[in-house]
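Enquirer: Each chain, written out:
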Amino acid sequence: MSDVVEKTLTALPSLLSLDSHPGSAKLSSTSKLGNLIRGITELTSKHEEEKLIQHELLAIKEQVSSPNTTMMKELMVRSIYCEMLGYEASFSYIHAIKLAQQGTVLEKRVGYLAVSLFLNESHELLLLLVNTVLKDLQSTNLIEVCMALTVVSQMFPKDMIPAILPLVEEKLNHPKEIIRRKAVLALYKFYLIAPNQVQHIHNKFRKALCDKDPGVMTASLHIYLQMIQENPDAYKDLTPSFVTILKQVVGGKLPMDFNYHTVPAPWLQIQLLRILALLGKNDQSTSEVMYEVLDESLRRAEMNHNITYAILYECVKCIYTIHPKSDLLEKAAKCIGNFVLSPKINLKYLGLKALTYVVQQDPKLALQHQMTIIECLDHPDLIIKRETLELLFRITNAQNVTVIVEKMLEFLCISEDDHTTIDLVGKVAELAEKYPLKYNEWFIETMNTVFSLGGDMMQPDIPNSFLKLLSEGFDSVEEDRKLKLFAVNSYVPLLRGEPGKLPQRFLQVISWVLGEYSHLREDLEPAEVLSLLAKLLDMKNSSSETKSWVLMAMTKLCKGGTDASVTQEVSETYSSSLDTVLRQRAHELQYLSQDPELRARVLPRGSCGNFAFVSEALAAGAAPYKPPHQRQEELDQSKALSLEPYGLSLPISMSSCSITDRQSPTLLSMSSGLSGDTLKLDGVKRVWGREGYLAQREPVEEAAQVEVPSPIQSPGRQGEGDSLHSQTPTQTPTPEPEQEKQQLASSLFVGLASQSSVSLMGKSEPTPQRFRRKAKGQGPGSSFNASEQISSSLISPPSAVDNLLCNNLLDSNNASELAEQTSQLSQRLTTANGTCHTEAELTEPDTKGCNPALRRDNCVVAADPGPHDDPGRLTEVCLDSYLPAELSGLSHSEIAPLCANQSLNLSACHVQKEDSLILVVFIINSSESAIQQMLPAGEMTSHSVAVGQYSLTVKRPAVHVEVVGTVSYQLPAGTSQSLQFSYKVPLTSFIRPFVVSTEEYGTMWLSFSHDTKQNLTLINDNQEPLTATLNALKKKLQLHVVEVIGMEGIVACRLLQDLPCLMHCRVNAGWLAVWLRSPVPDLPDCLIYHCQRALQSL
Amino acid sequence: MIKFVLMVNRQGQTRLSRYYHSVELSRRAALEADVVRYCLSRKKDQCSFVEYKDFKVVYRQYAALYIVVGITDSENELSIYELVHNFVEVLDKYFSRVSELDIMFNLDRVHIILDEMIQNGHIVETNKSRILAPLTAIDKMVES
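Protein chains in written order, with UniProt numbering: chain A, 1 to 1098; chain B, 1 to 144.
Nothing false has been slipped in among the hints.
Between beta-carbon pairs, the in silico distance windows are:
#1 A:Leu524 - B:Lys43: 44 to 54 Å
#2 A:Ser476 - B:His21: 50 to 60 Å
#3 A:Cys210 - B:Lys43: 45 to 55 Å
#4 A:His305 - B:Lys43: 20 to 30 Å
#5 B:His21 - A:Asn173: 32 to 42 Å
#6 B:Arg37 - A:Glu406: 29 to 39 Å
#7 A:Glu406 - B:Arg42: 26 to 36 Å
#8 A:Asp417 - B:Gly12: 15 to 25 Å
#9 B:Lys53 - A:Asp1011: 24 to 34 Å
#10 B:Lys43 - A:Asn1015: 57 to 67 Å
#11 B:Arg42 - A:His305: 20 to 30 Å
#12 B:Arg42 - A:Gly252: 31 to 41 Å
Lysine to any residue pairs mimicking SDA-like chemistry, simulated, CA-CA at most 25 Å apart:
#13 A:Lys913 - A:Gln1038
#14 A:Lys98 - B:Tyr20
#15 B:Lys3 - A:Glu230
#16 B:Lys43 - A:Glu410
#17 A:Lys247 - A:Gln226
#18 A:Lys955 - A:Asp1085
Think of the hints as simulated: they come from the structure by calculation, not from any bench.
Ideal placement from N, C-alpha and C gives every residue a C-beta, glycine not left out.
Taking the hints into account, I'd like the entire structure generated from these sequences.
Expert: Below, the structure is given as structure tokens:
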């Protein structure tokens, strides 16, 4: 078939001028469209095209607005041509809508077509189409209904969906399959743009899935693929249906016209395989349902046609995504072999892509195809090469990293595409950072190549993390020194050469490194470095950002004396620069070079060996390590802020703070200026790469740090793992003539075998070690253990605390008084607040009411009722004295009356203890007779006071926690009565300070998933605003201020008992930007509410 | 997901373009020129799939005409490659021996056919007779 097409098309050029072709015959050669097309085919330059189209546009404009145009359809096609060539014909948009509204059948269709081509989905003119669509949907002409549904499934204003939704739904029951199919597609569109609008018709989707027409069923799969992507768990029950459908399709049960080159509905098969992959992922039982049909798909798709390979590819992907089954995996692997070994280049490409996907699950597979991979690596087609590198990237380990990086850099040198360069440079940098061990020089050299090749296109976090790595360094001081020295050594010749050719980013890195570490090289005079740096300033193409880095470096290096002339000259030149940042740097340079003492204080030399960067940066409120994309976002923000030279955050006088904070001009979190000399090793070095690097560490030190055994490999095992790697013999050599390739193979695929001994589905990637930390805030055996014990010892017996946080400390006194009739009393506590549960146990009040689970834990003897024998005078003041003795010393909330009836009065207050919140309920017997409390059995005399004491904790936070309780008692007459009460406690009462170190804070911050951000008002009294605000919050909400540095502060608190919440505050343009994080949902939101309230009430 | 479908001739002139994600009109010409230059520069024995910026491009040549489809990385390249052929087969069936001129003079009809096959970047119909059904119905009405 395609041959025919090709022949026809080859004959074209000769036909063009003759105009006798059947296709063109449909239009007269004199028609306007014919003229335009002829004009377009004869174009030879962009200039001619512009002239032609502008002329055409004018002509269309003129004709289109004349009232009695009969050629509207042709005009629309001409406008479509103009737009297709890139010339806007916006004047015709409205006419397109009119044509859809008024035209006859074909005109209407062209009108709709023009609308869908011209307008984007948010165009306001689209609203004018709604009525037309509405009318056509109700038309008796099926073709018109079809058109309307087609355009609706392409674009429709979101807000107008309700207007047509009933009509579209109705069409789902239409007798014609094409109408039903298009209605389903329209609903799919609605689902895409406004999922909540079609939530109520999910059962109709199911009906569509079961439609007797395969076309309608196929259309519904689009909706299902989308919904399953969003929430696979909700549709697991449909798995057998999808499997059955696929089975039928594969078995050739569809009508013949669904075949494509004798393959039954291939695209439908692909769609179904994608759905199955999503459903079977990480789900063994669901996966088991589909094994058979997958096997069948593999078997059936044996015909040698592209489309069967497309199905096979999807099938292989599915098999490697779902829960593994060994014989299927084996077949799939064999199948990949067919791809990769195919002489057809498109298949080879797809094979590599499949391999790239599966080696993430099973790196061993790469071994089977190593020779093919090597060949692909040298393939003349760059695309194949590129895909191979992608594959190698996935199987990189500590042993083959150098070879793989070398291959990548080779490719970078020949690649011309910017996007590829950026992507590859990022990958090389990632690998180099991941495995920097042992290869100091390799690391620096690789990064140098990355910087020179990546130029200024690369992602800005690459130089940042490089500098961070460099500044944090190794454990061993000697290694560390060597690494830095090597960097310095490699940069000096670069600057001596032609620095003008180096990218700006590289120059910035160089200046920073020289500024920090050039003193490590003893034979290098600072004066020489200074003059090299000064040379950079004079270069024409140096950006002002680079100059700013250079000036900063010079500030670190200048010592006065001989260097004075260079620095003097430079600072004079730039102190009048128009760029304010440069001007400031120049002034800093000038002052600091003249005042060695000040300079030594501000920029201490020791800073370069400083291991405490991260902790300091964290203390200063910098965000902890994040994956690059996330990091990028924040970098952009902080950049925008920090480069503001005279912003609010910067004192006008040159305080040491302002300089140290801005030591690296882009204000990265690696600022080294702070003079913390102590080596805070904890939590810092982990930012280094994975695997091997950690193996170098001292196991003893590690043990000291990790108090709680972490689930991650211990260093000892890490070492073992590594030695295992090195012991792994390279694969048995295959008889292959080309020794070179063999060699390359052994260097590329080394280490894979041992890695793959992990279970098939196990990820080969070692667990990142970066965030290993001491104790998890919420983990058992954490620091909270102590406090838990305290609380349980306070409220005895401890067993009550374990499962029940509501300890009844009910007391009744004067039990000796005899009464003929007794009333019984019991108490129930529960929560009423829907969103918050005051501990699950409290929700079983019914059982407690009538069974002895409510323990009488402790007896608190109420004060002698003597002075207060008149119940009417039993005021709050008096109740104060009934407070249990151990609570009386603590501050308590106002004792508030809860409720009362003729026999009982209830009041309550809450007392904040260090590790618990105690709710104290006062039950006052205001009747003249004694009542019997039911549980524990006891008597309560007339006018006496019983005090109940309950320790409360919050499981799910809400702004206010409401405790609801019931007191049941028996009146002397014998009738049971109950009295309900509720008591509201603000969440703040449950908040306690959380004492952590900055390092702990940093690591914890990362592990918390729930967060919220908001700007709060700053308190502006005489004090420094940040401190004042934080102090106010601390006082009001019992927070713990971990550290305040500069304009940022970190604060921690916990919700009783042990739910931490961290808060990061930064002063930003007159506001306090607060960022809260916690492992508990809603806690950040509730807390921010209280912070707001606290600050408002000041 | 399919991002766009282009038909261009060997001179790099666009004969049809359909975008399934919003690209400003002003940027389209440059993007098309770029993509087409890239595809035209490739030899016959080279892979029909190329990377362009953050997406992939699948192209297939029919005499002087190239059909170029931009797709996301998650799409199955080979299935798109065959989809292109299916599209050409449909055109061939409708126009009986399709030529570049057929496409130029019947741009509206080619678009209508394409709309039946691809919507919102997804393949919605591949059954040839069903793809052509609405258009032939319209044609019949026009004739009568």
